[in-house]
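Student: Residue strings, one per chain:
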Amino acid sequence: MKNAPSIDDQVEMYRKMIACRRVEEAFGTLSKEGRTRGPIHRCDGQEAVGIGATAMLTDEDYITSTHRGHAHYIGKGVDIYGISAEILGRKTGLCGGRAGHMLIADPAKGMIGGNAIVGAGIPAATGMALSNQILKNGRVAMTLFGDGSSQTGIWHESMNMAALWKLPVVFVLEHNEYGLTVHSDRQGSTKDISERAASYGIPTEIVDGNDALAVYRAVSTMVERARRGEGPGFVECKTYRWEGFSTSDMGGYQDPEVIAEWKKRDPIKIAYDQLVGEVGAEKLDQIERDTSADVRDAIERALADPLPEFEICNYTAPYSGEVH
Amino acid sequence: MAKLRYAEALNIALREEMTRDPSVFLFGEDIGTYGGVFKVSKGLLEEFGDQRVRDTPISEQALTAMAVSAAMTGTRPVLEIMYADFLPLSLDALVNQASIYEYIWKEKVQMPFVLRTQGGGGAGAGAQHSKALDVLVAHIPGLQVVAPVTPADARGLLKAAIRDPRPVIFLEHKLLYNMRGEVDLDSEGLVEIGKARTVQPGTDVSIFATSKMVIDAEKAAELLAKDGISAEVIDLRSLRPLDLGAIKASIAKTNHAVVVNEGWRFCGYAAELSATIMDHAFDELDAPVERVTLPDMPIPYSETLEASVLPNAEKIAAAAKKTLA
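Chains as they are written, first to last, in this note's numbering: chain A, 1 to 324; chain B, 1 to 325.
Chain B with its partners taken away, still in its complex shape:
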């Protein structure tokens, strides 16, 4: 086992997949010479050359469309979009291109590309560089969306995403890159897309989260434990497809649910989780589902202001207590 940073685990996954499969290539802004603004592709240009590790102009719309069509014609592109806040520029290629072709062309094409991006607040990056826009991509049939929190899952899911025959949007979080965790480099470490992970078992309330929110949920569980409340923390890992079985199993045990997402509340990913639970586990619930989200407003810059809008352990613990009240 190695104790690796999240960014290192991603870097290893890219190197492993590029070594294994010569059709895998990376492109995106600042990913080559500089190694990526979060250093995820560090050293890969030197190792694999500028055909397969390509610095690009700032052209997200065309780049995303190119990832889709390159994937349709024999390569496996991994495109880095530097901030999730730039995903709106990618949306035509995702909504009107990538998501439709396998179906409308009667399964005669597939598009094995990965779009890596990172979102989320807490770094003082302001309203255009701090958002978690998970729902923009998770909404779209034909896309898969994953958001790992541990370095081991980051490596395992990125490898699985690159090998997957269909598009995968790979959501990272800027506050995770320097976090460390155990990674077993002696194993392939593949993580199946669409499988949740029980972070800690509990009996009183289930907390469902992804990405950095899992860490906040774990802290919330510690706070709740001090009050004698046993919280089960589930890291969904995959936003689409969603591990409905794991959600139902957990709620069957705890009869209470808190859903956490760093995006906006209205029409947000947490709203979908809540509705999914209503649809599929209503009979198991003893209380309404509680949502912990960003309020419906832009993310402000200043430390005190930003901290006020972001979900955190205290807000999650309060939501858990509310559903148990």
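Excised from the complex, chain A in its bound form:
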């Protein structure tokens, strides 16, 4: 089948989705216990998008993420211990505790990075693609973003320039139906946001965002086009946000019945059903147990790590020749 991942790739996506789910659950609990700082934006139920969309990329390719980026980080191969330590503000965190859960980056993995200004990752990836085009380095830039950010002006500016200059950028819309507390029906004039991308002459596809295999196949077609110099692509992945906007969300605006319906279509279960015939339940269950234990260990290690010590930043000082 064209653009189908290998079974090994599918198993790896399954493993990463489980890892991500365990991270979300663990930090949900730690947050309730008051052991984290600030809000945490969970992506339970949306893992198939970030993990399916990034599975065909290399470390040389770039992605930009959002405030809800854990699946994107994990999909791009960023180390879960480093992520966890960063979320916990530890010295050993990927960014030494300077960034926090919304702004994690790992340049060595091409993940640059989380971005909590809604929409800002979209022109960022477009600029990376511009760099790629000028350097002729064959790299692709991808931006994962939500339906909320699709209402910004920079979304349109970026689509236009990406199409105009045939930039090697892939736009992956993780449509989870909510921009903070307001449903997408009350934020946008089009049901399918990809219609707007199509109006710029960008090829688009709409897929089931809870099916990692479907996400992979649609996105990899766009990645290949972009890599060949044929310009941007846009994949709209329909999914749903199970948890609230963040751990500080009081809730009350999402219909419990709708949430229950979406939970029946758990992306991990969908992936399991797709794989079980090929690899068997025993192996998949073993992967689940091993991965869950790995995540638990990583978070426990991170919890035991020290907090960073403060040092003033000298290169941002206002005066030359001397520090603050």
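Because the hints were derived from the structure by calculation, they are not lab data.
Keep in mind that a hint or two might mislead.
As the list claims (entries may be wrong) - Listed below are several chain B residues computed to face chain A (Cβ distance under 8 Å; list not exhaustive): (1) I12; (2) F25; (3) A65; (4) S69; (5) T73; (6) I104; (7) K108; (8) K195; (9) S238; (10) D243; (11) L244.
C-beta: ideal position from N, C-alpha, C; glycine also.
We have chain A already, so just place chain B on it with the hints.
Tutor: Then chain B, alone, in the frame of chain A:
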């Protein structure tokens, strides 16, 4: 030595850096086929091609964000924002993106881009095309801001800015483009960011300025000389980082300071200069620092009205006399 216009000096700097480093590219509105509305990029499209000299749509917000991320991924973008008055459109990319990443990502990324723009009044361009918004960018830790006045400094600082590993906001002035000055094209002519220049030495009062205000300060010094007052004119050249050493050394000599900035007074760049002097040179002062700025109001269009709000030599000379009174 060649006698060059300011715009020509910038053009030469761009050509020199693009020739030296293939990762340098230019983009912005009307910079390609037309060569820029102030002709700074004239001839560069023909020389370097449309990949590296790119006319863009009118999309300042995304363009600035793209400069930041392109710089993070191996190129050295030089973005032209046609008027400083459009900087508010660039601000998210500057305030929330460019200024934070090197620090929050633990020095694993750098962003060597230059944002060139021009501001300032005196050309009858009205309230949306005449402002000096220096303070909007100079306020932000993580950005560097330079504003040269001579063609030699324009070339030298632009070359230094393009080579610098960190973001530089390069402020030009619409009334400077046609001014001529000596430029030594036989030397690299690099000018270090963060170093002030003594335009003329003096003993009675120090006048600190940047960009076109340096020219007004020089004229003020001539007026003051007629009254027997010896003014030292310092061209700060760099608004951030600021050459505090040069400021302190000058005030130690004159014990009086006038700060000049074409932006607004309240919370303005001149206010910061004044506070900096208070913090670091208070003991050397014989009188309060005098500020010469735009009054806190929109810039009007008509010649008589616009001239009334802009700082000029007479206002600077009056401020110097006030601090000496």
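Student: Taking the hints in turn, state whether each one holds.
Tutor: The hints, checked one at a time:
1. Of the supplied interface hints, the one on B:I12 is violated, with its beta-carbon coming no nearer than about 22 Å to a beta-carbon of chain A, more than 8 Å.
2. Checking B:F25 against chain A: minimum C-beta separation of about 6 Å stays under 8 Å; hint holds.
3. Annotation: interface hint on B:A65 holds; nearest CB of chain A at approximately 4 Å, less than 8 Å.
4. About 4 Å separates the beta-carbon of B:S69 from the nearest beta-carbon of chain A, less than 8 Å, and the hint is met.
5. Interface restraint check for B:T73: the shortest CB-CB distance to chain A comes to about 4 Å, inside 8 Å, so the restraint holds.
6. For the restraint placing B:I104 at the interface with chain A, the shortest Cβ-Cβ distance is roughly 4 Å, inside the 8 Å limit, so the hint holds.
7. Look at B:K108: its Cβ gets to within about 5 Å of chain A, closer than 8 Å, so that hint holds up.
8. Interface restraint check: B:K195 against chain A, minimum CB-CB distance 7 Å, threshold 8 Å, status holds.
9. Look at B:S238: its Cβ gets to within about 7 Å of chain A, closer than 8 Å, so that hint holds up.
10. Hint on B:D243 holds. Least Cβ distance to chain A is approximately 6 Å, under the 8 Å limit.
11. Interface hint status for B:L244: upheld, as the beta-carbon distance to the closest one in chain A is roughly 4 Å, under 8 Å.
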